[in-house]
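Starting from the known structure of chain A, fit chain B onto it as the hints suggest.
Order-wise, the sequence lines are chains A and B.
The first sequence begins at 1 in this note's numbering and counts up by one.
The second sequence begins at 1001 in this note's numbering and counts up by one.
Since the hints were made in silico from the structure, they are not lab data.
Note that the structure is a prediction, hence the values are computed from the model and not measured.
Any given hint could turn out to be false.
Said to hold, decoys possible - From the structure, some residues in chain B lie toward chain A, with a derived Cβ separation under 10 Å:
#  : residue
1  : A1071
2  : S1099
3  : T1169
4  : S1170
5  : R1174
6  : F1177
7  : D1179
8  : L1241
9  : D1245
10 : N1354
11 : W1358
12 : E1360
Backbone N, C-alpha and C define an ideal beta-carbon position, used for all residues, glycine too.
Each chain, letter by letter, is given below.
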Amino acid sequence: MRKWVIGFLIWLALVVGAAGYVELRQRSDVGGGLAAKEICSCMHIARRSFDACLADLATFPRIDWLITAPLEDDTGVRSGLRGFKPRIARFEEAKGCTLEP
Amino acid sequence: MGHVRILGLAALLALPIRAAADTALARFPLPPQRIDVAYPTRGWPRGDAQRADHVAIEVALGKLFAKKNAAGVADTRAVLVVQGGKLIVERYAAGFDASSRFRSWSAGKSLANTWVGLLVRDGRVSLDEPLDARSWRARAEDPRRTITVRNALHMTTGLANEDGDGSTTSFIARLLFGDLSGDTALAAAEVAPAHPPDAHWAYSTGTTQLLARLVVERAGEDWRAYSARELEEPLGIRSLLVESDRAGTPLVGAYVWANAQDWARLGLLYLRDGLWEGRRILPAGWVDFSRTPAPAPNNGTYGAHFWLNAKPGPDQHPMYSAELDSFEMNGSAGQFVVIVPSRDLVIVRLGEMNASTWPELRGALEELMVAFAPWNAAR
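Here chain A stands alone, though its shape is the one from the complex (with noise of 0.2 Å):
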C-alpha cells in the first residue's frame, strides 16, 4: 500500500512537473518574445532609451519575471525566463525587429 503510495506520488510530481515546465516555457517564449519585440521597435524606431521602454510594459503580467536586456551589439533585445531560451529581435532597416526563431 505505501508503495504504491509513493508511486503514485512521484508519478503526480512528475505530472505536475512537466505540466509547470510546459506552460513555464510558454510564458518565457510568448512573454520573452512580446517584451523583446516592444522595446526593440521601441528604442530602434521610437529613439527611446532601454529603461523607458521597459517601464511602459509594467502592467503586463508577470513581465517582470523575465530577464530582458539589449544585445551587446546593440542591434536588438533578448528576453526570456530564467533557465529557458531567449527570445531575440533584431532589428533591421527594412524590417524594423523581427523575432528571431
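Positioned in the frame of chain A, the structure of chain B alone reads:
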C-alpha cells in the same frame, strides 16, 4: 487587440441579435476641405478653435494627460485636434514632440483598409474577389476559397483565427510574439473555418495579415514603394514605418509607426472622403463603405477595418454617446484617430495605458469632441 474582449463560450452561446447600428448617423456627409485652407501636405496650417468651449478643451486635455506610468511619464503622449483642416491643438507629454513616432497596435489595421483602397482604385483588387491565400490554392474545393476581400475587411471571414483574450496561448499572442510570428499570413490562413463567411464577426489581427499579404502580392512592386508613391508622398507623410514579419509581410495589424501629425493626415484623408488636394487617393464611396457596419448579426460597431460609434454587438464595447457620428482607427493601449464629420474634426490620441482605462480615455475624448461646435454652425 485588448480593447475587444472576446468572451469565449459566452460568445458562442449568445443569441445572435440584429445589428442595430444607426447607418443614418454613420453616413453624415463628409465635409470638403475649405478652399481657403491648404491641405497639410507641406506642413499643418494652424488655427484657433472657433465657437469652441476652451475651458472644456483644457479640462479634457488635463484628464488625458493626468495618468502616469511607474516612471512618471504621462500615459497620453500626444493629442492633436484638427478642425476645418487646421491644427487647433497639438500637445505632447514631456519627452515627446512632433518628431516622435508612436506604435499603432490595432489602429494600424485601418492602414490595411487604405492600402486595399488604393489597389481597388488602381483596378488591382476588387472587393468581391476571393481572398485566396497562398495555401488555399492547392485545392479547388477548399471552402476557404469563397472568402472574399470584403469579408476580410469586415472581419467576417468565419476563420477560427480570432485574437482571443491576449493570454500566452491566444492566437494574437502566438501570432505576434510566439510560434506563429515568422509568417503571420500563413498562420492566419492555416486555420479551419468556424462559420460561413459573413455569418459571424470576429476581431482578428490574423485577418488583417491576410490582407497585408494580398497587398504584397498585388502591389506589382515592393509594397513600401507602392505605399510611398500612392499614399505617403501625396499626403506629405514622412514618418510612416511599417514593420514586417520574417516572411516579409507587413505587420500592419499591429506595428505601424508614425508621428502624431502623420496619423492626423491619415484621419484627414478619411474625413475628406479620400480626396487630397483635388486628387482622388481612395476610390469614390470607399470611406462610406469603411464607415458602414459590417453585416454580421453579432456586429454593430465595426465597419471595414474602422470602428464606428454605433450600438455594439454582444462582444463589443460601447464607444461614445449616440449623438456623435464618429468613426475611428483604434488600437490597444488607447491609440485613437477619431474622425467626426459633423464637427469636421480629427482627434488623435497616442500613448500607453499603464494607469488609465478605456472608459476614462473615451470619456475625455468625448468631452474634447463635444467642446467643438458642429461644423456648419462654426463657419
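Now the hints, each set against the structure:
1. A1071: 4 Å, holds
2. S1099: With Cβ-Cβ at 9 Å, under 10 Å, it holds.
3. T1169: 6 Å, holds
4. S1170: OK, holds: S1170 of chain B within 10 Å of chain A, min 9 Å.
5. R1174: Status holds, d = 7 Å.
6. F1177: Since the shortest Cβ distance to chain A is 3 Å, the answer is holds.
7. D1179: 7 Å, holds
8. L1241: 6 Å, holds
9. D1245: This interface hint holds because 7 Å falls under the 10 Å limit.
10. N1354: Interface hint status for N1354 of chain B: holds (5 Å vs cutoff 10 Å).
11. W1358: This hint is violated: W1358 of chain B lies away from chain A, its Cβ roughly 13 Å from the closest one there, beyond 10 Å.
12. E1360: 14 Å, violated
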